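Using the sequences provided together with the hints, build the complete structure.
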Amino acid sequence: MNNDNKKWYSLNLKKSPKVDSCGCGNDSGSCSGEKTKDGYDQVMNVSMGRRAAFKKITAGFLIGAGAVSSSCSVVSGDENKEKSGIEWEEYFKGNYKLMTDKEKEETVNRLTRSYELRTGEKINMTSKDAEKDVLFGYAFNISKCQGYMDCVNACVEENNQDRATEMQYIRIHEMEDGKGFNFEESDDNYYHEVPAEGHFYMGTQCFHCDNPPCVEVCPVQATWKEKDGIVVIDYDWCVGCRYCMAACPYDGRRFNWKTPEVPEQEVNKKQHYLGNRLRKKGVMEKCTFCIQRSREGQNPACVEACPTGARTFGNLLDPKSNIRWILENKKVFRLKEDLGTEPKFWYYMD
Amino acid sequence: MIQKIVVKTLIIVIGLFVISCKHSHENNYHTVTDKIEAKTVSPENLTITSKTFNENIKTVKFAEDGYEFLIPERKSQITSYNCTECHTQPIEKLKQNQVGEKAAHWNIKLAHAGVEIMNCATCHSNGNMDNLHSLTNSEIDFNYSYKLCSQCHQKEFKDWKGGAHGKQLGGWAPPRLSNTCVNCHNPHKPAFEKRWPVRFNTQKVKERQ
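Chains A and B supply the protein sequences, listed in that same order. The opening position of the first sequence corresponds to residue 229 in my numbering, with each subsequent residue numbered one higher. The opening position of the second sequence corresponds to residue 69 in my numbering, with each subsequent residue numbered one higher.
Calculated directly from the structure, the hints in this document are not laboratory data. Predicted model, so just to flag it, every value in this text is computed and none were measured. Any given hint could turn out to be false.
Claimed, not checked - Computed footprint of chain B on chain A; a stretch qualifies when at least three of its residues, placed anywhere within it, have a C-beta under 8 Å from a C-beta of chain B:
#1 312 to 326
#2 417 to 428
#3 564 to 578
As the list claims (entries may be wrong) - Computed list of lysine to aspartate or glutamate pairs in DMTMM-like fashion (alpha-carbon distance at most 25 Å, straight line):
#4 A:K548 / B:E224
#5 A:K498 / B:E123
#6 B:K272 / A:E385
#7 B:K107 / A:E565
#8 A:K559 / B:E123
#9 A:K548 / B:D133
#10 A:K508 / B:E275
#11 A:K558 / B:E132
#12 A:K559 / B:D198
#13 A:K497 / B:E275
#14 B:K257 / A:E425
#15 B:K274 / A:D378
#16 B:K223 / A:D405
#17 B:K274 / A:E404
#18 B:K274 / A:E421
All C-beta atoms in this analysis are idealised placements derived from N, C-alpha and C, irrespective of residue type, glycine included.
Written as C-alpha cells, this is what we have:
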C-alpha cells in the first residue's frame with residue numbers, strides 16, 4: 229500500500245477546528261457539503277490512492293468470486309457481459325453528492341439499462357437537480373382529514389413501495405377528541421367506517437426538517453438535505469445501519485428488511501435516482517415529497533389523491549403560494565418544535 | 069505567569085465563541101421561518117410552471133379581492149346543460165298534476181342546511197334557468213357558482229381564496245388552478261360521507277402482535 233495514505237481511522241488533529249457545528253439552516257445542498265472535512269471526507273477526499281488500493285483488493289476478491297470471469301468469458305452471451313459490466317461499474321461508483329453531472333447521467337443510464345436487461349421493460353429515470361428559488365413545504369389541515377387513507381394508497385403506488393411487507397411512508401393516526409395529540413393512545417391502523425364518532429385524524433410522514441437529525445448521524449453521508457429542502461437518501465450508498473431511523477423523532481424513516489417487490493405491471497416507470505427507483509434489501513427509504521413529481525412542478529401523489537383538500541404542498545419562497553398564505557394567515561404549528569429540528573411540515577385547523 | 073494564564077483563558081474563550089457561534093455566517097438562519105423570509109423571491113422571477121399538468125382542464129379565471137387564479141370551467145361538465153334545452157316552459161307549468169306523480173329531478177334530495185332555510189329556488193332561477201341567482205336575485209353564472217356559496221360560507225370562502233381550504237390541481241407551481249366549491253362538494257348534499265378507509269395494513273397487525 230501507498231505510504232502517503234493515512235489509515236482509515238486516523239484523526240487529523242492538526243486541522244482547524246470545525247466551525248459549523250450546529251448545522252442548522254445551511255444554504256448548501258447538504259449541511260456538510262462545505263464543512264471542514266470530517267472523518268468521512270478525510271478518507272474519501274484525501275486518499276483517492278487508498279480508494280484505488282481498496283478497489284484492487286475488492287477486485288481481487290471479485291475475480292476470485294468469478295464475477296469478472298463472466299464478463300471476460302468467451303462462452304457467455306453479450307447480454308451477460310453487459311450485465312456484469314454494469315454491475316461492476318455500479319459497484320464502484322461514488323457517493324451521489326460527489327458525482328459530476330456526467331457521472332449522474334451515466335449511473336442513471338446504467339440503472340435504466342440494467343432494469344431493461346432484467347425485465348425487458350423500459351423505465352424513465354432522471355437525476356433532475358433542485359430548481360433555483362424553491363424551498364418545499366407542506367401543510368396539513370387536521371380539521372379536514374377524514375381518515376380515508378387515499379393518500380397512503382397513492383403513495384405506495386407512486387413510490388414503488390414493497391407490497392409484501394406493506395411498507396407505507398404515510399401514517400394516518402386516529403386520535404380521540406379531547407385528548408390532543410396523544411400518539412400512544414392513537415391508532416394508525418384502524419379499519420372501520422371513517423370518520424369515527426368522537427375522533428379526528430392527522431397524518432405523519434417525513435417532515436423534511438431544515439435541521440435534520442437523521443442527516444447528522446449518518447456515518448457514511450448517504451442521506452442529506454437538497455437545495456430545495458428535500459431530505460434524500462442515496463440508496464446505493466446507504467449501509468443500512470438505521471442510525472437515521474433512531475435519530476428521527478417523527479418515525480419518518482423505513483427500513484427494507486427484504487428486497488422490495490412490486491408486480492411488474494404496477495411499477496411506476498417515472499423514477500428519480502433519489503426518489504422512487506426500486507430499492508434493494510437492507511437500505512433506508514422514506515417520503516421524498518415525490519421528488520420525481522415535485523421537481524417538475526407537480527404535486528406529490530398524496531396531495532393529488534386527497535379527496536378532502538387536507539393536504540397543501542408548495543414553494544415556501546413564493547410569496548403568492550397557497551402554503552405561504554396558510555403560514556401567514558392560519559394558526560399553524562409543527563410537531564416537537566422544541567427539538568429545533570425545524571420540520572417543513574405544518575399543521576393547522578379551520 | 070498570571071498574565072500567561074489570563075491570555076490563555078482569553079484565547080480559549082474567544083476560540084469557543086468562534087466555534088459555537090455560527091449565526092453570524094451569511095446564509096445561516098436561526099429558524100426556517102427566518103430563512104423563508106430572507107430568501108423569498110418575487111413571483112415574477114420564478115421560472116418553474118405546472119402548466120403541462122393542467123392542460124386538459126378547461127378553466128375560467130377567478131379575480132377578486134386581489135387574488136387571481138384559475139378554477140375549472142363548470143358548464144361543460146354538467147350533464148344536460150343548457151337547462152333550457154328541456155325547460156322550455158316556465159316552472160309553473162311543470163308542477164305535478166296528481167299526487168304521487170314523479171317530479172322532475174325526483175332523484176335529487178336536498179341535504180343542505182334545513183328545509184326552512186333552503187330549497188331548490190334558493191339557488192336555481194325560476195326565470196332564466198341557465199343561470200343561478202343570488203339571495204338578492206341577481207344572476208350568477210354556473211361557472212362562478214362560488215359566488216352563491218360564499219353568501220353564507222364566508223369563512224370558507226376566505227380560506228379558499230387564500231389557499232387554506234380546497235384543493236390545488238395539477239401542480240404546486242404557478243399558475244394556480246384550484247377546485248371550485250362544487251368540484252368537491254355536491255351542492256345538493258355538501259357534507260363528505262362516511263366510508264371505509266381504502267386500506268388496512270395486515271403486516272402491521274402481525275408486527276405488533
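Task: Hint numbers contradicted by this structure - done: Structure breaks hints 1, 8, 12, 13.
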